[in-house]
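There are 4 protein chains.
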Amino acid sequence: MKLSDRLRQDSETIWKKIYNHPFVVELFDGTLPERKFRFYILQDYNYLISSIKNFSLLASRAPDEKSLIEVAEMAYMEATGEFEGYRSFLEKMGLSVEEAQGQEMMQTGLSYVSFLLSTSSLKTFQEGMAAVLPCYWSYQEIAAYHGDKIRGMESEIYREWASYYLEDEYIELVDRIRALVDRTGTGFPYEKLREVFINASRYELNFWDAVYREGIT
Amino acid sequence: MKLSDRLRQDSETIWKKIYNHPFVVELFDGTLPERKFRFYILQDYNYLISSIKNFSLLASRAPDEKSLIEVAEMAYMEATGEFEGYRSFLEKMGLSVEEAQGQEMMQTGLSYVSFLLSTSSLKTFQEGMAAVLPCYWSYQEIAAYHGDKIRGMESEIYREWASYYLEDEYIELVDRIRALVDRTGTGFPYEKLREVFINASRYELNFWDAVYREGIT
Amino acid sequence: MKLSDRLRQDSETIWKKIYNHPFVVELFDGTLPERKFRFYILQDYNYLISSIKNFSLLASRAPDEKSLIEVAEMAYMEATGEFEGYRSFLEKMGLSVEEAQGQEMMQTGLSYVSFLLSTSSLKTFQEGMAAVLPCYWSYQEIAAYHGDKIRGMESEIYREWASYYLEDEYIELVDRIRALVDRTGTGFPYEKLREVFINASRYELNFWDAVYREGIT
Amino acid sequence: MKLSDRLRQDSETIWKKIYNHPFVVELFDGTLPERKFRFYILQDYNYLISSIKNFSLLASRAPDEKSLIEVAEMAYMEATGEFEGYRSFLEKMGLSVEEAQGQEMMQTGLSYVSFLLSTSSLKTFQEGMAAVLPCYWSYQEIAAYHGDKIRGMESEIYREWASYYLEDEYIELVDRIRALVDRTGTGFPYEKLREVFINASRYELNFWDAVYREGIT
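Protein chains in written order, with our numbering: chain D, 1 to 217; chain W, 1 to 217; chain E, 1 to 217; chain G, 1 to 217.
Errors might be hidden in some of the hints.
Same chains, same label: a pair holds when it works inside one copy or across any pair of copies.
In silico DSBU-like cross-links for lysine-lysine, where the CA-CA straight-line distance does not exceed 30 angstroms [said to hold, decoys possible]: (1) 36 with 192; (2) 2 with 92; (3) 123 with 192; (4) 66 with 2; (5) 66 with 92; (6) 66 with 36.
Calculated directly from the structure, the hints in this document are not laboratory data. A quick note: this is a predicted structure, and the numbers were derived from the prediction, not measured.
Bound-form chain D, shown alone:
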């Protein structure tokens, strides 16, 4: 079994909760209040910015040239394509980047990005990459799990959001991150990778929870 598949398997309980989280289920059923979705989108800004920083940090600690070049490219893709996509998506919803920037960050989001950035700063490249994977991968699996509902989704906004994670370009990004984890992490103490992968998966679940509650604790 590939390393990434083993990590995925060991997080099954958490991932199931992610697929079946009310935010996710209601979004694909079309019953999610738009207010909650807007809250989510605005909170996502902080994650996107931190993600560019985090891939940059990981690049600076890459163990070999191939990984260095690949992760620097991921940082760039986040900073350009992803960011532009995010901006145009905001606009379709009548929102702006400035509104997203001005949003107070909920603590659950701060905790998640702090976890990613401190792992990349102080632990190994391998652990940093394993921490990054659950976010990207679980979005693809969410979209695949609920995939048969997408075509019939009434809300254009929800449908566009959901479709993105099944596009070739996105799947290729997930595949590249997985391959990087598999290539650099094989031979690395598994327990350490498992710990960060599970923690990152929990932060994903917490994030859905917190945006569903619109940050109210």
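Fit chains W, E and G to the given chain D structure using the hints.
The following block gives chains W, E and G in isolation, referenced to the frame of chain D:
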């Protein structure tokens, strides 16, 4: 006067030595032994790789989103365009990336990249950017200073190398780095920026010195 | 008003909740179930270890020699005096450092230390120091707020724990951290310091919450 | 053979040059111009300060609690005992810490500390520790190698300087650093440790060279 112009002015003595360094002068006069040039090109590999890491580090510490995106793009440009250009240039000289990787790094080069990476790791973003500027900028100025000789250069390899630093794409990169130093460094304690800029300029000069001596101390 | 007093004032709402948190109130009233206290003590291990790392990180980024020496000493005090005190306290409770190490870290604790470590790694020294202050300072204030109950506390363990935060040695440590924040942070953009100080105060509150629930979410 | 002994053996050629360097030989023979010694002592300030930062950085990346506590203690010893010793030594020579701080750092010294700090920032703890060892260890070996001359040294200053590196306290520090390299580095790819150990040894040699020339290049 712009901040970058002031930094440049305060390093005039060192930069003059760079323009008039035997390696540079002989290269444009066509009298530089190809053996020295090959040594230089092979040693440059380490600088290029460290440069990708260094821009990545700086991105992770960028003080605002605009700088973050810009510096992540610079890291990417180094990792892709610059790297591919370097690879194809090596090939034209009958060399390979593997040979460059296998080359023992001369200590002068190690010192230079250590200076850049420790500045970006432990000092401010502003100081890190000021440390990066002399390399990119001085190459442009070297090519401009000796520009009228380029057309007549006999060696295709030397001519191609020299022309690159006068191309629009390269000049635009230098302009962007300068603009970033000007924008983020204005208001920052000047003495600190001056210190790193001058030290980086000295490392540039040392680098030319060391490759001219082919690493022999 | 001193910078630290202003930060403290702006966090008043959160700090009041800390003083009056059931965990704290019941501890000083002697009604806190020992099971909850043991859970807290075991979870505290991770904070202590991260605190040594965090002060070390801050030392490496200190803006001047005086701060460097002072923060390196704080790291050492955590690594020796605090750590030995913690070990002997564990022993009095029939626990060992190994048990604390073997404890699964609750996510609230992981979030708190990730926040501290990523702030020290990627933001300024001033922000890193402002993030550290609420923990140390609020413990002193908790003990002072409930101080008149200490003498009459039945549980020797609870009494010993509470008394420690009113000892001269501890108060001096808090005073030194405050003085360092005041000295290096004055003139620094206040909003940034306020943001990390308030976030750290929230993490303190979350921590009490989570240990009161014994990590059950 | 212990890992540290193997590293030491592989650097034999460089270490021999260190023992027999004119600066070292003339110092023990009592013929070293005091001007050169003063230059050396003033330049050493930067190394001492960077050493506190460097041990702090290494502490923040320590792979286990034992190493963390030990390295935090080394940072503290540098910041207190070593620093106080240095200050009182300066005073005996009619110099002050302020003069040392005001000294322009020679580039050889900047390169050495940049190498140490960038290794600790971006490479592994094991490589960072291997980079630290040559400085401490070679001073002990220099003093031992020329040990029979110490008693007869006329200059009280030179004698005091030389004696320090044979005192129990200093030897114990070297032993602890070696033991830490041996304990954490065994099993780690040897070639990587060898590379940093040899580079650090070269920087030691360069440092003696540069202070002998009083920074004139």
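These are the hints, each one checked on the structure:
no., hint, in the structure
1, 36 with 192, "between (35 angstroms within a copy, 28 angstroms between copies)"
2, 2 with 92, "neither (40 angstroms within a copy, 40 angstroms between copies)"
3, 123 with 192, "both (10 angstroms within a copy, 18 angstroms between copies)"
4, 66 with 2, "within (20 angstroms within a copy, 34 angstroms between copies)"
5, 66 with 92, "between (38 angstroms within a copy, 22 angstroms between copies)"
6, 66 with 36, "between (41 angstroms within a copy, 28 angstroms between copies)"
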